[in-house]
Amino acid sequence: MRLAILDHGHGIRAKAMFALIRVFSGHPVVDAVKLALYRPSFYRAGGLTHEAMRGPSEWSVADRELMAAYVSKVNETEFCIAAHTATSALAYDDGAKVSATLADLETAPIPEPLRATLRMLGKLARENHLEADDMRRVLASGVSAQQIRDALAVAFAFNVTDRLADVFGFSVDDRAAISAGAKYLLARGYR
Amino acid sequence: MSDISSLHRSLVAGVLEGEGRASPAIRRAAFDNEGLEEPLGQFVEKVAHNARLVTDADIGTLKKDGLSEDQIFEIVVCAAIGQATRQYENALAALTAAAEGS
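Each protein sequence line maps, in turn, to chains A and B. So in our numbering the end of the first sequence lands on 191, straight run, no missing numbers. So in our numbering the end of the second sequence lands on 102, straight run, no missing numbers.
Don't read these hints as lab results, they were simulated from the structure. Heads up, a few of these hints could be off.
[What the hints assert, rightly or not] Derived DEER-like restraints, expressed as beta-carbon distance ranges:
{"id": "1", "chain 1": "B", "residue 1": "Thr-55", "chain 2": "A", "residue 2": "Ile-5", "range": "14 to 20 Å"}
{"id": "2", "chain 1": "B", "residue 1": "Arg-9", "chain 2": "A", "residue 2": "Ala-187", "range": "27 to 33 Å"}
{"id": "3", "chain 1": "A", "residue 1": "Gly-189", "chain 2": "B", "residue 2": "Ser-10", "range": "16 to 22 Å"}
{"id": "4", "chain 1": "A", "residue 1": "Lys-123", "chain 2": "B", "residue 2": "Ser-10", "range": "24 to 30 Å"}
{"id": "5", "chain 1": "B", "residue 1": "Ala-57", "chain 2": "A", "residue 2": "Gly-47", "range": "22 to 28 Å"}
{"id": "6", "chain 1": "B", "residue 1": "Glu-17", "chain 2": "A", "residue 2": "Lys-183", "range": "32 to 38 Å"}
{"id": "7", "chain 1": "A", "residue 1": "Val-23", "chain 2": "B", "residue 2": "Thr-96", "range": "47 to 53 Å"}
[Stated by the list, open to error] In silico SDA-like links for lysine to any residue, alpha-carbon gap of 20 Å or less:
{"id": "8", "chain 1": "A", "residue 1": "Lys-123", "chain 2": "B", "residue 2": "Ala-93"}
{"id": "9", "chain 1": "B", "residue 1": "Lys-63", "chain 2": "A", "residue 2": "Lys-123"}
{"id": "10", "chain 1": "B", "residue 1": "Lys-46", "chain 2": "B", "residue 2": "Thr-61"}
{"id": "11", "chain 1": "B", "residue 1": "Lys-46", "chain 2": "A", "residue 2": "Asp-7"}
{"id": "12", "chain 1": "A", "residue 1": "Lys-123", "chain 2": "B", "residue 2": "Thr-96"}
{"id": "13", "chain 1": "B", "residue 1": "Lys-64", "chain 2": "A", "residue 2": "Lys-123"}
{"id": "14", "chain 1": "B", "residue 1": "Lys-63", "chain 2": "A", "residue 2": "Arg-126"}
Computed from a predicted structure; not experimentally measured. Cβ atoms here follow ideal geometry from the backbone N, Cα and C, with glycine treated the same way.
In isolation and in its complexed conformation, chain A is listed as follows (with noise of 0.2 Å):
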């Protein structure tokens, strides 16, 4: 990464967890991870981002992890396509639903209130303003306010995180620890 401290300066907690995801993964940490427990008394999302991704949603957890990996694509953040492009494939058990939503939103086999959905945070990350007929689009597809409200809590998450992981330079030389990763979002979660 490009902040060496992101890398080597956690406390000693931090480093050994490290080790334990070393013995018991068998995959070096992701930088993700190395995020998220540096100095977590500053800087902890992880929180909010459970919430958005595992809190209770009339969205799927798949269908989260795809908002994820799409609003990743269209900020264009590598680290996190692969990540949540994995966990997404895993959540629906259909690697060929996500892969077809990235390349190809209008096309994708998904539910009409999900592309509306993805439409609307693609917007929304590429312009970073939607004006009120662009909501009202979503609301005709059959989309509840509710949900899309749930949607934007997860761009949040992620117009987050892709700032991050490019300006930080996450890794993505090691694509069996971004899958290894993938299992344990979608068993765990994000806190």
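We have chain A; now place chain B onto it with these hints.
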């Protein structure tokens, strides 16, 4: 229904008002993406709007300007949360406007 509003307030308060190596004024300016002197101003603008284009050289410039890695870490976190907060709050306002029929 998931609700991140109180978690969001805590997250923002933590990075702006919690103990840090960068001054609260710098952290607030990074969050708001305004009022920063160069080279920090251009860097924070890049974090907010073109994070994928940040390079090793950008970080090197900040270090040469006297910033420590921990200060850069805090400034980046504040800038990222600030821009994502503006996106989030704009979208919630658009939803409210749609629901009210305006």
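Here's how the hints hold up against the structure:
Taking the beta carbon of each, Thr-55(B) and Ile-5(A) are about 18 Å apart, inside 14 to 20 Å as hinted. Checking the proposed 27 to 33 Å range against Arg-9(B) and Ala-187(A) shows it holds: the Cβ atoms sit about 29 Å from each other. Evaluation of the 16 to 22 Å hint for Gly-189(A) and Ser-10(B) yields a pass: the beta carbon distance comes to about 18 Å. For the pair Lys-123(A) and Ser-10(B), the beta carbons lie near 28 Å from each other, so the given range of 24 to 30 Å is met.
Against the hinted window of 22 to 28 Å, the Cβ-Cβ separation of Ala-57(B) and Gly-47(A) comes to about 35 Å, which falls outside the hint. Taking 32 to 38 Å as the suggested C-beta distance range, the pair Glu-17(B) and Lys-183(A) conforms, at roughly 37 Å. For the pair Val-23(A) and Thr-96(B), the supplied restraint of 47 to 53 Å holds, since their beta-carbon distance comes to about 50 Å. Among the hinted pairs, Lys-123(A) with Ala-93(B) is consistent with the structure: their alpha-carbon atoms are about 15 Å apart, no more than 20 Å.
Only pairs whose Cα atoms come within 20 Å are accepted, and Lys-63(B) paired with Lys-123(A) is rejected, the gap being roughly 35 Å. For a cut-off of 20 Å, the pair hint linking Lys-46(B) to Thr-61(B) stands: about 14 Å separates their Cα positions. Note on Lys-46(B) and Asp-7(A): the hinted pairing is violated, with a Cα-Cα distance of about 23 Å set against a maximum of 20 Å. As the CA atoms of Lys-123(A) and Thr-96(B) are separated by approximately 18 Å, the hinted pair is consistent with the 20 Å bound.
Under the criterion of a C-alpha separation no larger than 20 Å, the hint pairing Lys-64(B) with Lys-123(A) is inconsistent with the structure, at around 37 Å. A threshold of 20 Å between alpha carbons decides the hint, and for Lys-63(B) with Arg-126(A) the separation of about 30 Å lies outside it, so the pair is violated.
In the structure shown, a violation is registered for the earlier hints numbered 5, 9, 11, 13 and 14, in ascending order.
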